[in-house]
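J.: Listed below are the residues making up each chain.
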Amino acid sequence: GAVVSQHPSWVICKSGTSVKIECRSLDFQATTMFWYRQFPKQSLMLMATSNEGSKATYEQGVEKDKFLINHASLTLSTLTVTSAHPEDSSFYICSAFVGQGANEKLFFGSGTQLSVL
Amino acid sequence: QKEVEQNSGPLSVPEGAIASLNCTYSDRGSQSFFWYRQYSGKSPELIMFIYSNGDKEDGRFTAQLNKASQYVSLLIRDSQPSDSATYLCAVLGNTNAGKSTFGDGTTLTVKP
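Protein sequence lines correspond, in order, to chains R and V.
Those letters in the first sequence? Residues 243 to 359, per this note's numbering, in order.
Those letters in the second sequence? Residues 600 to 711, per this note's numbering, in order.
Treat each hint with caution, since some may be false.
Rough simulated footprint, nothing fancy, chain R against chain V, three-plus residues with beta-carbon under 8 Å [claimed, not checked]:
#1 631-640
#2 644-653
#3 665-674
#4 678-692
Far from chain R by the CB rule (all over 12 Å, computed), these chain V residues [stated by the list, open to error]:
#5 P613
#6 T623
#7 R627
#8 G658
#9 R659
#10 F660
#11 T708
Cut-off 30 Å, straight-line C-alpha distance, at most; resulting in silico cross-link-like pairs (DSBU-like, lysine-lysine) [unchecked claim]:
#12 R:K256 x R:K308
#13 V:K698 x R:K306
#14 V:K601 x R:K306
#15 R:K256 x R:K283
#16 V:K698 x R:K283
#17 V:K698 x V:K655
#18 V:K655 x R:K308
#19 R:K262 x R:K297
By construction, these hints were calculated from the structure, which means they are not laboratory data.
If you're wondering where the values come from, they're calculated on a predicted model, not measured in any experiment.
We put the beta carbon where it would ideally sit given N, CA and C, even for glycine.
Next up, chain R with everything else stripped away, as it sits in the complex (with noise of 0.2 Å):
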């Protein structure tokens, strides 16, 4: 299947500071990707839409202030968690949408723990 790298694996931040996610689809352009956290025990909660060359579709009840998507190539995404408090803690996945049709397939990158301390 696609690969779908993310960047940190896990980070650890004080109180206050941003903190950068890199997602990156390693062999294939990916024109949408998604952005995901997750609490412990908890389902998906999908966050924003991130496309290629315009504004991310934020969900609803997501600050779109407060996470910054930019997608400025067809193989690279960013979120950026501006002034990170202790209850963004989570796990932040991002996912790469390729293929049409019936080889549409959705793809997960490995995660990033957040702690805020």
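With the hints as your guide, set chain V onto chain R.
T.: Structure of chain V alone, referenced to chain R:
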């Protein structure tokens, strides 16, 4: 009613048995259906993909799709302890450009 529903479980089966995971969806326009396996603390891993009605087999895994009844299932034959994980059902419509709807997942435990 949720768009994609799964039994939360936990589902427990003995090693070597068949594990059956079920998923129902509400959008009749859905085109593609996925099963992901997620180990604790890890991201989801795509294990099965089905597009057409009927069965699709891949090793010990069989996905079954019935669009008329709006359900998709995953069978795991000869279950192994390493199959213990949360299984996520995802449904992709024909207009959402990759925006899949996920179920909450079913936790499977395979006991040695």
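J.: Compare the structure with each hint and give your call.
T.: Evaluated hints:
1. Figure legend: the region 631-640 of chain V, annotated as covered by chain R; annotation consistent (4 residues with Cβ-Cβ distances under 8 Å, at least 3 required).
2. With a cut-off of 8 Å between beta carbons, the region 644-653 of chain V has 5 residues touching chain R; three or more are needed, and the interface restraint holds.
3. With a cut-off of 8 Å between beta carbons, the region 665-674 of chain V has 0 residues touching chain R; three or more are needed, and the interface restraint is violated.
4. Beta-carbon proximity to chain R at under 8 Å applies to 3 residues in the region 678-692 of chain V; the threshold of 3 is reached and the given coverage holds.
5. With a closest Cβ-Cβ approach of about 24 Å to chain R, P613 of chain V is found to remain outside the 12 Å limit, as its non-interface label requires.
6. Every C-beta of chain R lies more than 12 Å from that of T623 of chain V, the closest at about 16 Å, which supports listing it as non-interface.
7. Interface exclusion of R627 of chain V from chain R stands, the closest Cβ pair being 18 Å apart, more than 12 Å.
8. With a cut of 12 Å on Cβ distances, G658 of chain V stays outside the contact zone with chain R, its closest approach being about 15 Å.
9. Listed as outside the interface, R659 of chain V is consistent with that label: its C-beta sits roughly 18 Å from the nearest C-beta of chain R, beyond the 12 Å cut-off.
10. No Cβ of chain R comes within 12 Å of the Cβ of F660 of chain V; the nearest lies about 14 Å off, and the non-interface call holds.
11. Residue placement check: T708 of chain V keeps its beta carbon more than 12 Å from all beta carbons of chain R (closest about 14 Å).
12. A hinted pair counts as satisfied when its Cα atoms are at most 30 Å apart, and K256 of chain R with K308 of chain R qualifies at roughly 16 Å.
13. The suggested pairing of K698 of chain V with K306 of chain R holds, with an alpha-carbon distance near 18 Å, which does not exceed 30 Å.
14. Proximity of K601 of chain V to K306 of chain R is assessed by CA-CA distance (about 25 Å); at most 30 Å being required, the pair is judged to hold.
15. Of the pairs offered as hints, the one joining K256 of chain R and K283 of chain R holds, with about 25 Å between alpha carbons and a cut-off of 30 Å not exceeded.
16. Distance hint between K698 of chain V and K283 of chain R is fulfilled; the C-alpha atoms sit about 22 Å from each other, no more than 30 Å.
17. Distance check on the hinted pair: K698 of chain V and K655 of chain V sit about 23 Å apart at the alpha-carbon level, within 30 Å; holds.
18. Distance restraint check for K655 of chain V and K308 of chain R: the Cα-Cα separation of roughly 42 Å exceeds the 30 Å cut-off, and the hinted pair is therefore not satisfied.
19. For the proposed pair K262 of chain R and K297 of chain R, the alpha carbon gap of about 17 Å is at most 30 Å, so the pair holds.
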